[in-house]
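2 protein chains.
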Amino acid sequence: MKKFSIFSLSFFLLMCSFYVNAQSEHPKLILTKEVVTEITKNLGKIPLFDKTYESVRSGVDEVLNNDIDVPVPADPGGGYTHERHKQNYDLMYKAGILYSVTNDVKYAKFIKSILDKYAELYPTIGLHPQAKDQTPGRLFWQSLNETVWLLHTIQAYDCIYDWLSKDDRNKYEKNIFLPMTKFFSEDSEHEFNLIHNHGTWMVAAVGMTGFVLDNEELIQKSLYGSKKDSEGGFIAQLNLLFSPDGYYTEGGYYVRYALWPFFIFAESIQNNMPDLKIYEVRNQILKKAFYSAMQMTYTNGEFIPINDALKEKTYLSSEIVYALNFVYDRYGEDKTLLSIAQKQDRVSFSKGGIKVAEAIGELKTIPEFKWESVNYLDGPRGDEGGVSILRWGPNSDMECLLFKYSAHGLSHGHYDKLSMLFYDQGREVIQDYGAARFLNVEQKSGGRYLLENKTYALQTIAHNTLIVDETTNFNGIQSESEKYHPDLYYSNLTNPDMLVTSAKDVHAYDGVKMHRTLLMVNDPGLLRPVVIDVFRIESEKQHQYDLPFYYMGHFISTTYDYNPNTTLRKPLGVKNGYQHLWLTAEGKSDNTSSFTWLNGERYYSITSNTDKNTQILFTEVGANDPNFNLRNDPGIMFRVKDDNHTFVNIIEPHGDFNPTLEYSFNSYPAFEEINVVQSNEKYTILSIQGKNKLSWKVLICNDNADEKANHIIKLDNGTELSWVGPIAIQK
Amino acid sequence: MKKFSIFSLSFFLLMCSFYVNAQSEHPKLILTKEVVTEITKNLGKIPLFDKTYESVRSGVDEVLNNDIDVPVPADPGGGYTHERHKQNYDLMYKAGILYSVTNDVKYAKFIKSILDKYAELYPTIGLHPQAKDQTPGRLFWQSLNETVWLLHTIQAYDCIYDWLSKDDRNKYEKNIFLPMTKFFSEDSEHEFNLIHNHGTWMVAAVGMTGFVLDNEELIQKSLYGSKKDSEGGFIAQLNLLFSPDGYYTEGGYYVRYALWPFFIFAESIQNNMPDLKIYEVRNQILKKAFYSAMQMTYTNGEFIPINDALKEKTYLSSEIVYALNFVYDRYGEDKTLLSIAQKQDRVSFSKGGIKVAEAIGELKTIPEFKWESVNYLDGPRGDEGGVSILRWGPNSDMECLLFKYSAHGLSHGHYDKLSMLFYDQGREVIQDYGAARFLNVEQKSGGRYLLENKTYALQTIAHNTLIVDETTNFNGIQSESEKYHPDLYYSNLTNPDMLVTSAKDVHAYDGVKMHRTLLMVNDPGLLRPVVIDVFRIESEKQHQYDLPFYYMGHFISTTYDYNPNTTLRKPLGVKNGYQHLWLTAEGKSDNTSSFTWLNGERYYSITSNTDKNTQILFTEVGANDPNFNLRNDPGIMFRVKDDNHTFVNIIEPHGDFNPTLEYSFNSYPAFEEINVVQSNEKYTILSIQGKNKLSWKVLICNDNADEKANHIIKLDNGTELSWVGPIAIQK
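Just so you know, the protein sequences line up as chains A and B, in that order. Number 320 in the numbering used here belongs to position 320 of the first sequence; there are no gaps in the numbering. Number 751 in the numbering used here belongs to position 20 of the second sequence; there are no gaps in the numbering.
Chain A with its partners taken away, still in its complex shape (with noise of 0.2 angstroms):
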């Protein structure tokens, strides 16, 4: 937290003036007075609007005849008091939605009825039966749930406020809101200040609650943390949560998660002390973090899988329909998001949400949402790494490779330093594993994070990166892991035919100094750009190095013979996730060599720098997997020992295999020789070689990453090359 200090201290001396001074009407948090008239003048006029608030009418009408059961908390995630609970806050919250657009009192009452048994219960509970987790919840079985009740209830409360009587308010205060802030920014103080999307969940809940009860302690604890000295609260997780560029350390996935406290509370904030700019704090970061995160997304809606991730996750879920209405309304009516809300085919119940349904309703044309090749670096400063996004195409056919060189990410962090995806077609062509979990589901571990996350998922053999010595990355150590990061070497994506990306890390793995290269290069001879990987390791000892590739398709073919395990199959290795590894084929090639798959309607090939020293190993997850936790996801991994070496590896996408219309073409890779003409500290000289007199230099200055330099090396043979720039293709 020290770095925190030293720039947050002007926001804090800043902030502490600004007080409540809007709002004295309920409700006053995302649905305000004027919100409220807003939605009642245009009920029946847009349509996108008024479908949205059918579904909530009829998914509430249905059931408000029905005694809801507000049951003893007894069950973990995906039991049923768990979703009881859940289904309890999602009803009222929108209940009160209801009674506020029509001022019909079965809303309220039907509020007032799950009220009052909660009124009842909470005081008697104690700590959840089957709190496992160091930060256990009183309804849910941890606090992170119970935060987003408090968030949705408090939203409810508001709503029938000024319909309660006094008597009910005091009851539902004292016996609620108050013991539940009191447990969150007291009693899991710890939780409350951290700098964590778990810590924004319980702020927002907190200070929203403030708002809602006119409690200026709450308010300033859920700001400034609550000791109120600015080391934890929401204005240091917006200090310290995103780099700069709005890149969440966590990465895709939880910044979308994180993405909804964050915007609930700052539009909360926003319309309860509009002095605050919230906005606009930090240049624009809650800004910055959406379209960071939106980024983080590929053309299908996922989050890109990096860390701790579930890639059943798009931009279709519920906190990216409020952050986007909510970044439409507050930063200049970006009409490329409604591209976005239209798939989501819902809003919010906000200004926001109103704006973007009209919009979508007005418009002709609705431009399309651009994904683009970016940086993003990592870090409350940017010096912690980062990632590189590199993208080529349009929407509905796009190449996309993120390259991660980022810090650790916090407890969801993955052991993958200089590790890499790809899609193509709409499709993961070259996958993270992502987390092994399935959310709320009660077999599975009740929806926890699985034990194969921990033996598999998080290491780095799990991951298309350098794993030396088959261990993990720090040693799997997650406070080594947080004190290192990788640094960007070099990137430049100017040009779109030829993006590219850089990174060193000298930290993962003792004496052992990695570098890795990533180009998307197109060239007219080929379908589409190829990925240039140049992975080169110095090490003053031999070390076995395994590189895998986690590819997404059917086996087609390989240029060289392989020992298949077509009888017995056994696990790859007994630790650090080679035990979930099945070998399925050994396989050696004595030069380049080329391995094929198809994936939906196109072939890829990975054409590699193989030797006579190199092992070409394939794989299968799931091996000791007593309970079929994993994906039997297929791999191919090459594995040299070696003190100093260069992977190269050639990802090509090529041909079309159209089953509809019953053709096939260019089944096989376009590329057929790689020669590592030299590779050292200073230089990586690349010659490539293949069909229709394809023939590259690739040149890599290893230790200049000055745009300007001039380099000139003469090779054995007398060749000269010369060049500008640290990586220069000469074709």
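Source of the hints: derived by calculation from the structure; they are not laboratory data. Cβ atoms here follow ideal geometry from the backbone N, Cα and C, with glycine treated the same way. One or more of the hints may lead you astray.
Covered stretches of chain A (chain B as the covering partner; in silico rule of three or more C-beta atoms under 8 angstroms from a C-beta of chain B) [stated by the list, open to error]:
1) 379-393
2) 431-444
3) 565-572
Computed cross-link-like contacts, EDC-like style, restricted to lysine to aspartate or glutamate with a CA-CA straight-line distance of at most 16 angstroms [what the hints assert, rightly or not]:
4) A:K311 - B:E1332
5) A:K311 - B:E1403
6) B:K1042 - A:E216
7) B:K1319 - A:E216
8) A:K228 - A:E216
Position chain B against the provided structure of chain A, taking the given hints into account.
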């Protein structure tokens, strides 16, 4: 062939008197003068037609100035010369359309430039060097591809017929068309007369050439076989390849392919021999064939993959575009077809094509295509078993079960008597492997059927049906399998809340009688219908009975313990397909057991009447597969050693897994206990219990399918049960 002679004689006598009596002008096949006029008149006015036209135009214009290669045949499927000759006929065909519509001679010249090369090449080549098939081609490795070439090229030739000089016409006819039709109808006489889709392609190509060349001999041979004795030819194919319902004996995948020549040739006949009334033949068998093909698809567009079938084939295929357009035009403009045409997003250059495109442009709302619960009888007389398709729910989320009790289905038939497949949510839930083949992929045996198609995919073990003593139905001998078929015992598809189908087989295994009854039962207490699967086996001797289910999705849980093979995997068996299954775990349950998996956003369970004699085996496809030709799909298998035995399995879709809204409900099945109270030749009585006081009796009379028969039986405990008809459920 004997069967045919009996009832085709009248056809034969009737038809020999028809001669070509229309269309003296060119073009005269699908694209007639009349159609051309219609197209010219409408161009620019019908969006879908214009889009189709534009895509054809741009595709041809792009290569119009290229020197098109007509290589000496060398490669098998997927290889260069193979794909080049395919492209060539496609280009000529399209250029023919463009010439007819635009009268621009550049298109005619383009076709001529290619035909000139073929006129040089064709006389110089013998059989294709890669021909390994019984029916080799000359331009292609199998004659099938060559018939497709001719069927397209003759249409191109027809379009420029009037533009060509007489000398050129003579050259092409002498060097290409006459030798090729001779090659088909004389040198390949066996294939030409075959009652098989390859035969249909051949007669269509030869017959259409006959029309264009005004060659009565070719026309008569194509209609009535090479000997003009009605033992072969198009009319015999119409009579023998379809059942009276229009069901095609090879199944849905191949009927799709067969419909192409059937409809192209029928439309050509209609345009040239209207008096033959080809569309009326055999009570409009072509209409029935088309609709039964459509009913053999699932709502996701895929042909339900019984027998040799590639799952990537859908109703978007060109052949279905043609057939649909002709059916729309010739059989009363069924508007529900337009919803399919809309998804196809293109039309054919025919009267039907214009009409379909026009109707789509004009209609405000397009009615949905209706997938229905149907029984199709197999065999030309409808007395060789068949298939039942049970369906429930809207197109957007439909349960669909196919039960197969059909005849063998020619050379592409699988050994899977009484097999079933189950779909839900637009997805496969219990799958059939389909065929082991990568169509046109050169590296995968030149795109042919792979070795594993024979060693695994067509074996009984690859299907969701009974395997006795680890052997395949009829010991895998096609000629034996073709002698017999199961018989429908009873089916009733009138009550959508209880769909019933039941069939028996006594031939597939010596001394083993099999009787499978499948019910799709809806109940207000359940999310949606469950499938009750009752598989009763009678034998005088003890056997090993295996009943596998190849579930799609991720393993979630079992109600029993099992031993997973976590560090060593071996194949389950050594032959008949068992050698391709890895044994992944073995379990046992002394009483009713459930296995649950997750697929998409829904849970599925199989609840089974297991007992202490049942072994439960979990498998994964892929052992003994050195070239990685097979998909690594999971399965669960129930194994008992018994003489008489009844397997009862309830397949239940349940719950809701929603990753977007982050909740999960009802991840456990509702069914808890299955008791087989009695099961013998006369009756099978099941008692089924479950959550929420679910208590069902399933009552099956096994030897009397009379719907009006009264049944009364007294159980050992004194209870008397009475019901009417062969199958009843009492709740």
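Checked hints:
| no. | hint | in the structure |
| --- | --- | --- |
| 1 | 379-393 | violated (count 0) |
| 2 | 431-444 | holds (count 7) |
| 3 | 565-572 | holds (count 6) |
| 4 | A:K311 - B:E1332 | holds, 13 angstroms |
| 5 | A:K311 - B:E1403 | violated, 33 angstroms |
| 6 | B:K1042 - A:E216 | violated, 63 angstroms |
| 7 | B:K1319 - A:E216 | violated, 62 angstroms |
| 8 | A:K228 - A:E216 | holds, 12 angstroms |
When each numbered hint is compared with the structure, violations occur for hints 1, 5, 6, 7.
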